[in-house]
Amino acid sequence: MDDLYREQIIDRYKNPRMRGKLDPHDYSYEDDNPLCGDHVRIDLRVDGEGRVSEAAFSGEGCAISQASADLLMESVVGKPLEEVKGYGKEALLEMLGIELGPVRMKCALLSLKVLKAGVYGLEHLEEELAAI
Amino acid sequence: MTSSQLRSLDIPAIRSEFPVLEREVHPGVKLVYLDSAASSQKPRSVLAAMLNLYEQHYANVHRGIHRLAEEATEAFEAARAKVAGFIGASSPREIVFTKNTTEAINLVAHSWGRANLKAGDSILLTEMEHHSNIVPWLMLAKEIGFEIHYVSFGPDYQLDQQQYRRLLETRPKLVGFTMMSNVLGTITPVAEMTAAAHAAGAVVLVDGAQAVPHLQLNVAQLGVDFLAFSAHKMCGPSGIGALYGRRELLERMPPFLGGGEMIKRVRLDSFEPNEVPHKFEAGTPPIAEAVGFGAAVDFLTELGMPAVMEHERMMVTRAVEQLEEVPGVSVYGPAPEHKGGVAAFTFETAHAHDVAQLLDREGIAVRAGHHCAMPLHEKLGLPATTRASFYLYNTPEEIDRLIEGLYKVREVFA
Numbered sequence: 001m002d003d004l005y006r007e008q009i010i011d012r013y014k015n016p017r018m019r020g021k022l023d024p025h026d027y028s029y030e031d032d033n034p035l036c037g038d039h040v041r042i043d044l045r046v047d048g049e050g051r052v053s054e055a056a057f058s059g060e061g062c063a064i065s066q067a068s069a070d071l072l073m074e075s076v077v078g079k080p081l082e083e084v085k086g087y088g089k090e091a092l093l094e095m096l097g098i099e100l101g102p103v104r105m106k107c108a109l110l111s112l113k114v115l116k117a118g119v120y121g122l123e124h125l126e127e128e129l130a131a132i
Numbered sequence: 001m002t003s004s005q006l007r008s009l010d011i012p013a014i015r016s017e018f019p020v021l022e023r024e025v026h027p028g029v030k031l032v033y034l035d036s037a038a039s040s041q042k043p044r045s046v047l048a049a050m051l052n053l054y055e056q057h058y059a060n061v062h063r064g065i066h067r068l069a070e071e072a073t074e075a076f077e078a079a080r081a082k083v084a085g086f087i088g089a090s091s092p093r094e095i096v097f098t099k100n101t102t103e104a105i106n107l108v109a110h111s112w113g114r115a116n117l118k119a120g121d122s123i124l125l126t127e128m129e130h131h132s133n134i135v136p137w138l139m140l141a142k143e144i145g146f147e148i149h150y151v152s153f154g155p156d157y158q159l160d161q162q163q164y165r166r167l168l169e170t171r172p173k174l175v176g177f178t179m180m181s182n183v184l185g186t187i188t189p190v191a192e193m194t195a196a197a198h199a200a201g202a203v204v205l206v207d208g209a210q211a212v213p214h215l216q217l218n219v220a221q222l223g224v225d226f227l228a229f230s231a232h233k234m235c236g237p238s239g240i241g242a243l244y245g246r247r248e249l250l251e252r253m254p255p256f257l258g259g260g261e262m263i264k265r266v267r268l269d270s271f272e273p274n275e276v277p278h279k280f281e282a283g284t285p286p287i288a289e290a291v292g293f294g295a296a297v298d299f300l301t302e303l304g305m306p307a308v309m310e311h312e313r314m315m316v317t318r319a320v321e322q323l324e325e326v327p328g329v330s331v332y333g334p335a336p337e338h339k340g341g342v343a344a345f346t347f348e349t350a351h352a353h354d355v356a357q358l359l360d361r362e363g364i365a366v367r368a369g370h371h372c373a374m375p376l377h378e379k380l381g382l383p384a385t386t387r388a389s390f391y392l393y394n395t396p397e398e399i400d401r402l403i404e405g406l407y408k409v410r411e412v413f414a
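Sequences listed follow chains B and F, in order.
Position one of the first sequence corresponds to residue 1 (our numbering), numbered consecutively onward.
Position one of the second sequence corresponds to residue 1 (our numbering), numbered consecutively onward.
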């Protein structure tokens, strides 16, 4: 079986655990990957202690982008927002557990880009993206 | 050539002219190239013509007095004449070399558009356009303040001709449309639409990026004012395209880019533009690419465009038939007799990008995404499609490999 399409990715794509929208939410952001037409929106709720209490993603796109968003949302629940801000490319790729070429890397990282843009706010987006 | 004289293409002989088609893209997996609508592969004759220019005849064009400069200029202008002849232009002066179709359309927008459009005017485009025939006009409209109206397409994937006639009553200054949709394959009725536009007083720009490589066409018969196309989709090199423009329109248009070659005389406070087409070709042009473009035209002319069209019609008819038999596949576009050699489809559970990635494992090159036609995909309610496109070197066996590949995709997403 193809590495990219190992069971975990297909399973997450077909049966996402974290799909949905949160309304109201504390943080929400969405963006596209124009290459594939992937679209991801992420909503977060944060409790009084600055921890992510609930997380959800919505959107449409390829298996890699959607599975990545699902895994990412599952992992942020219960984490302090400060820790979420520190999330990097390596952490996400480790969760996905697959080797990606430069083209599909954009699909995998879309959810991370949306998450970081959401929690940092757009004004810091440029410097944050440079670090991804 | 009449259809009774039509000889069919000798596909094995044609394939042997394209070295890349022998390639394995993964160990033991031979390439099946179904992405010619994005860019076609190049035959040996085109590569040889470019190499020969560089090895024997290269110098800058229209400048030197020396032998090589003369030879290079001759080869460059001969290529222009070949391209003019291929589309039935009345003179090589009606062919402006550009970087590609996109630049050709931008040239019309910047030069003709700026000189002729003002606030309160309108132009007509269609919902089927590639971004390259939408964005230059949006940019200019923002600056000048004219309106853009779009002709829609119906459930038959054909432009709504009744709506088109109604929109013409608003007296648009320009009508711009594709001759063949790069997603749906729809071939538009260029001659009829052009005649109607002219009757309404509009200038007609046709995006020929997909049509010129695949159809026999003649600009004089079609009556169009501008036709934009690229060499790289018709067996030629990347980096060169052409704008056909009716001579009297080109004569009246202001220059596009400024610099060398496009001038007759320069003073410190003014300049006098060169003659057409040179006044639109600032700077050193893509010389070897032009020669390659000419060689590509020779290659296609030798095969005969009616035979090329016939082969692609056979291929796309077969492909659509076989695709529709695969469970979960939906094909978008008009019936094969109304379209060129592209088949855009979706696959129930799998996203277009995943389909393309899994097909690549089988050596099959297809395109996935919105194919630079986001408004079209939005109208169809699709984030993306997978597109298989066919050219003169493709075989029915390659369609079989595509179908087998899709059954493998199906297993992964089952």
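Hints are computed from structural coordinates only; laboratory data are not their basis.
We put the CB at the ideal spot given by N, CA and C, even for glycine.
Accuracy of the hints is not assured; some may be wrong.
Claimed, not checked - With a cut-off of at most 20 angstroms between alpha-carbon atoms, the simulated DMTMM-like pairs for lysine to aspartate or glutamate come out as follows: (1) B:Lys85 <-> B:Glu99; (2) B:Lys14 <-> F:Glu348; (3) F:Lys408 <-> B:Asp11; (4) F:Lys379 <-> B:Asp11.
What the hints assert, rightly or not - Counterexamples of contact, computed for chain B against chain F with all Cβ distances above 12 angstroms: (5) Lys14; (6) Asn33; (7) Pro34; (8) Gly37; (9) Cys62.
Evaluation of the provided hints:
This hinted pair does not check out: Lys85 of chain B and Glu99 of chain B have alpha carbons roughly 24 angstroms apart, beyond 20 angstroms. Restraint check for Lys14 of chain B and Glu348 of chain F: satisfied, since their Cα atoms lie roughly 12 angstroms apart, inside the 20 angstroms limit. The straight-line distance between the Cα atoms of Lys408 of chain F and Asp11 of chain B is roughly 17 angstroms, inside the 20 angstroms bound, and the hint therefore holds. Distance check on the hinted pair: Lys379 of chain F and Asp11 of chain B sit about 30 angstroms apart at the alpha-carbon level, beyond 20 angstroms; violated.
With a closest Cβ-Cβ approach of about 7 angstroms to chain F, Lys14 of chain B is found to fall inside the 12 angstroms limit, against its non-interface label. Distance to chain F contradicts Asn33 of chain B as a non-interface residue, since its nearest Cβ pair spans about 9 angstroms, not more than 12 angstroms. Distance check for Pro34 of chain B against chain F: the nearest CB is about 8 angstroms away, which does not clear 12 angstroms, and the non-interface claim fails. Not every Cβ of chain F is farther than 12 angstroms from the Cβ of Gly37 of chain B; the closest lies at roughly 4 angstroms, contradicting the non-interface assignment.
Against chain F, the non-interface label of Cys62 of chain B is violated: not every CB pair exceeds 12 angstroms, the least being about 4 angstroms.
Comparing the model with each earlier hint shows violations of hints 1, 4, 5, 6, 7, 8, 9; every other hint is respected.
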